[in-house]
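> The chain contents come next:
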Amino acid sequence: MTGEEQSTHDRYREDLAPYALGALPDPEAAEVRDHLDRCDSCRRHLRWLQPAVDLLPRTVTQLEPPPRLRRRLMSAVRGEARRTRASPEPRRRRWAALAWRPATAAAAGAFLVAGAAGGYLLHDADGSNAPGSVTTVRATPGSELAATLERSDGTAILRMSHVPRLSGGRVYEAWVQRGGTVQPSSVFQPGPGHSAAAAVPGAEGADAVMVTAEPRGGSRQPTSRPIARIPLN
Amino acid sequence: MRAKPSPALERLADEDLMTLVDDKDPDAFEVFYERHGGAAYSLAHRIVGEPGMAEDVTQDAFLSIWRSTARYDPARGSVRSWALGIVRNRSIDAMRRAARPAPRLDLDDEIALERQPSGERTEAEAIRRETAGRLREALRLLPEDQSRVIQLAYFGGFSHAEIAEMMGAPLGTIKGRMRLGLEKIRATLAEGIPDEDARERYL
Numbered sequence: 001m002t003g004e005e006q007s008t009h010d011r012y013r014e015d016l017a018p019y020a021l022g023a024l025p026d027p028e029a030a031e032v033r034d035h036l037d038r039c040d041s042c043r044r045h046l047r048w049l050q051p052a053v054d055l056l057p058r059t060v061t062q063l064e065p066p067p068r069l070r071r072r073l074m075s076a077v078r079g080e081a082r083r084t085r086a087s088p089e090p091r092r093r094r095w096a097a098l099a100w101r102p103a104t105a106a107a108a109g110a111f112l113v114a115g116a117a118g119g120y121l122l123h124d125a126d127g128s129n130a131p132g133s134v135t136t137v138r139a140t141p142g143s144e145l146a147a148t149l150e151r152s153d154g155t156a157i158l159r160m161s162h163v164p165r166l167s168g169g170r171v172y173e174a175w176v177q178r179g180g181t182v183q184p185s186s187v188f189q190p191g192p193g194h195s196a197a198a199a200v201p202g203a204e205g206a207d208a209v210m211v212t213a214e215p216r217g218g219s220r221q222p223t224s225r226p227i228a229r230i231p232l233n
Numbered sequence: 001m002r003a004k005p006s007p008a009l010e011r012l013a014d015e016d017l018m019t020l021v022d023d024k025d026p027d028a029f030e031v032f033y034e035r036h037g038g039a040a041y042s043l044a045h046r047i048v049g050e051p052g053m054a055e056d057v058t059q060d061a062f063l064s065i066w067r068s069t070a071r072y073d074p075a076r077g078s079v080r081s082w083a084l085g086i087v088r089n090r091s092i093d094a095m096r097r098a099a100r101p102a103p104r105l106d107l108d109d110e111i112a113l114e115r116q117p118s119g120e121r122t123e124a125e126a127i128r129r130e131t132a133g134r135l136r137e138a139l140r141l142l143p144e145d146q147s148r149v150i151q152l153a154y155f156g157g158f159s160h161a162e163i164a165e166m167m168g169a170p171l172g173t174i175k176g177r178m179r180l181g182l183e184k185i186r187a188t189l190a191e192g193i194p195d196e197d198a199r200e201r202y203l
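Heads up: the protein sequence lines correspond to chains A and B, in order. Mapping of the first sequence onto this note's numbering: residues 1 to 233, in sequence order. Mapping of the second sequence onto this note's numbering: residues 1 to 203, in sequence order.
Please note: incorrect hints may appear among the correct ones.
[What the hints assert, rightly or not] Just so you have them, the derived chain B footprint on chain A, three or more residues with Cβ under 8 Å: (1) 22 to 34; (2) 48 to 61; (3) 75 to 83; (4) 144 to 152; (5) 162 to 174; (6) 183 to 196.
[Said to hold, decoys possible] Chain A is faced by these chain B residues, among others (derived, beta-carbon under 7 Å): (7) 7; (8) 19; (9) 133.
[Said to hold, decoys possible] From chain A, some residues computed to sit far from chain B (all C-beta separations above 10 Å): (10) 42; (11) 72; (12) 177; (13) 213; (14) 222.
Source of the hints: derived by calculation from the structure; they are not laboratory data. Just so you know, even glycine gets a beta-carbon here, dropped at the ideal spot from N, CA and C.
Bound conformation, chain A alone (with noise of 0.2 Å):
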């Protein structure tokens, strides 16, 4: 490094601690971005130093906030899910796109009296669907692929790990198999760590999930082969 280069290379250092809390103005806020970009030393002090940063929200009176905030924002939220729900633009297949509310929530109430009153009338003697009940399988021996369906309450959460990464915005897709019939469910993909988690709306009652790597936006029948098939009696 030259002298001239060092010295740059300091300035920019002292920029880090006002940079992370936010009170550099815009034009040196983007010089010290493109020095970061550029400068490996840098970037690893800010990564260092920002927790210290991250962590002063903490340090605030914890207040209750009121009730009504809550409701605001959750209707506002449930209304724009109907909407997107009700779109004719099919640009993307919201899992909440799926009618899991109101159907399921009606179909889960359902469920869990039905559960109450006469359980193995519904279930397998065994009782391993019951609510609450996990799940587990292995893709395919050899395979790492493991994915585990959890159901309570009439929610079923698919968590998978070892997810192959999928390229060319083709996504997973999963599927709900009733006696003959298969219907999708929830489109996914994998977040860090190559694992997966999503919802699966209408699994209860179901014979099996599965799951299976789409196009982009999903598939309304499955188009490869499943990855996984998770059996539920």
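Dock chain B against the given chain A, drawing on the hints supplied.
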């Protein structure tokens, strides 16, 4: 009457929950609000200093997350830090729009935390509160001029130049105080912060 969020959703880690929120799942979003709404509202209240405006700002920030105008990037830190960063920026913007000075810049009122718990339902929440205590202590132990510039910047939304003018000190001095203060807080945290905000991605 509000149905209780599903226990299966409540068990999801924040990152997994955000995948569902990105997919426009209102129930997952409600769990997300349940977890972080209190901290968000408290931060907004600290910055704007007034309940009505704090409410509007919090709602604004959460709606922007719901509408995916703000997207979670795991590289940047925990979901909580990310969400609170959005709340902080929105609060500062709202203050600027209202052209109002920052209301409070001392630490005295923070002691009230112990008397106003926002609900300590989980062990994580308890740990969080213990960490908050340690962090407040670290902030309190800073020399006054360092703690003041940090608070003016983060909670007051003032630029380093504005702070330099306010305090009648050269810009370089202000930057130096910010750096020394943050480095001290960071060193305290490095001594062992037992929860989700200080993880390997920072180290």
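> Please go over all the hints and tell whether each is borne out by the structure.
Against the structure, the hints come out as follows:
1. Counting residues of the region 22 to 34 of chain A whose beta carbon lies closer than 8 Å to any beta carbon of chain B gives 4, which reaches the threshold of three, so the coverage claim holds.
2. Three residues within the 8 Å Cβ limit are the bar, and the region 48 to 61 of chain A against chain B gives 14, so the coverage statement holds.
3. Judged by the Cβ-Cβ criterion of 8 Å, the region 75 to 83 of chain A is covered by chain B as claimed, because 5 of its residues qualify and three suffice.
4. By the rule of at least three residues with a Cβ nearer than 8 Å to a Cβ of chain B, the coverage given for the region 144 to 152 of chain A holds, with 3 such residues.
5. A count of 0 residues in the region 162 to 174 of chain A with a Cβ less than 8 Å from any Cβ of chain B is obtained; the coverage claim is therefore unmet, three being the minimum.
6. A count of 8 residues in the region 183 to 196 of chain A with a Cβ less than 8 Å from any Cβ of chain B is obtained; the coverage claim is therefore met, three being the minimum.
7. For residue 7 of chain B, the interface hint holds, since its Cβ comes within 7 Å of a Cβ in chain A; the closest pair sits about 5 Å apart.
8. Here the hint on residue 19 of chain B is kept, as its CB sits about 5 Å from the closest CB of chain A, short of 7 Å.
9. For residue 133 of chain B, the interface hint is violated, the least distance from its beta-carbon to any beta-carbon of chain A being 9 Å, above 7 Å.
10. Chain B leaves residue 42 of chain A outside its interface by the beta-carbon criterion, the shortest separation being 13 Å against a cut-off of 10 Å.
11. Not every Cβ of chain B is farther than 10 Å from the Cβ of residue 72 of chain A; the closest lies at roughly 6 Å, contradicting the non-interface assignment.
12. At roughly 20 Å, the least C-beta separation between residue 177 of chain A and chain B is larger than 10 Å, which holds for a residue marked as non-interface.
13. Listed as outside the interface, residue 213 of chain A is consistent with that label: its C-beta sits roughly 17 Å from the nearest C-beta of chain B, beyond the 10 Å cut-off.
14. The beta carbon of residue 222 of chain A sits about 19 Å from the closest Cβ of chain B, which is more than 10 Å, so the claim that it is off the interface holds.
Violated hints, listed in ascending order, are 5, 9 and 11; each of the other numbered hints is respected by the structure.
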